[in-house]
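Hey, can you work out the whole structure from these sequences and the hints?
First residue of the sequence shown: 1, per this note's numbering; consecutive thereafter.
These are computed hints drawn from the structure, not numbers from a lab.
Given the structure is predicted, the values throughout are model-derived calculations rather than measurements.
Where hints are given, some of them may not hold.
EDC-like, lysine to aspartate or glutamate: derived pairs with alpha carbons at most 16 angstroms apart [said to hold, decoys possible]:
1. K112 / D92
2. K37 / D11
3. K64 / E98
4. K109 / D99
5. K37 / E19
6. K17 / E6
7. K109 / D92
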Amino acid sequence: MAWSLEYSDSDRILTVKCEGPFTAQYLGPMTQAAVDKLREEHSLRVLLDFSAAVAQVTITEMFKLPETYTEMRAPRLAHLAMVIPANRYRMDVYQFYEDLSVNRGYFVKLFKSTAAARAWLLQAKAEPGDE
Numbered sequence: 001m002a003w004s005l006e007y008s009d010s011d012r013i014l015t016v017k018c019e020g021p022f023t024a025q026y027l028g029p030m031t032q033a034a035v036d037k038l039r040e041e042h043s044l045r046v047l048l049d050f051s052a053a054v055a056q057v058t059i060t061e062m063f064k065l066p067e068t069y070t071e072m073r074a075p076r077l078a079h080l081a082m083v084i085p086a087n088r089y090r091m092d093v094y095q096f097y098e099d100l101s102v103n104r105g106y107f108v109k110l111f112k113s114t115a116a117a118r119a120w121l122l123q124a125k126a127e128p129g130d131e
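Have a look at this one:
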């Protein structure tokens, strides 16, 4: 699995791109790097681009992810837009992640396209000073 972070000053969006197979062992380091970058940039917009990812995690492993956010002191007001793979492989994992995160008080939404995900993030009142 390969993953990368890219922050855009112009729209204040942190893009986390994941490609290839990913397992639970990668979620912790990837999440910590993203949380650190959000705090460094004082941003609350995250585009999770998993369009080329292949989920190899279980529902049980995904259940722990929102707890990790709390432990890492991730910003509660952050908006996370996740672009799902076009082939919808393991859609159950992505849907469970969205439902669980929302139920735990996080702003998470799944999208089929990067453009739709980006548009949602830009309309979200997720930045200090947004009215």
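Here is what the structure says about each hint:
Taken as a hint, the K112 and D92 pair is honoured in the structure, with Cα atoms around 15 angstroms apart against an allowance of 16 angstroms. As the CA atoms of K37 and D11 are separated by approximately 15 angstroms, the hinted pair is consistent with the 16 angstroms bound. In summary, the hint linking K64 to E98 is supported, as the alpha carbons are separated by about 13 angstroms, within the 16 angstroms threshold. Between the alpha carbons of K109 and D99 the distance comes to roughly 9 angstroms, so the proposed pair stays at or under 16 angstroms and holds.
Taken as a hint, the K37 and E19 pair is broken in the structure, with Cα atoms around 20 angstroms apart against an allowance of 16 angstroms. For the suggested pair K17 and E6, the alpha carbons sit about 8 angstroms apart, so the restraint of at most 16 angstroms is met. Annotation: proposed proximity of K109 to D92 holds, straight-line Cα distance about 14 angstroms (limit 16 angstroms).
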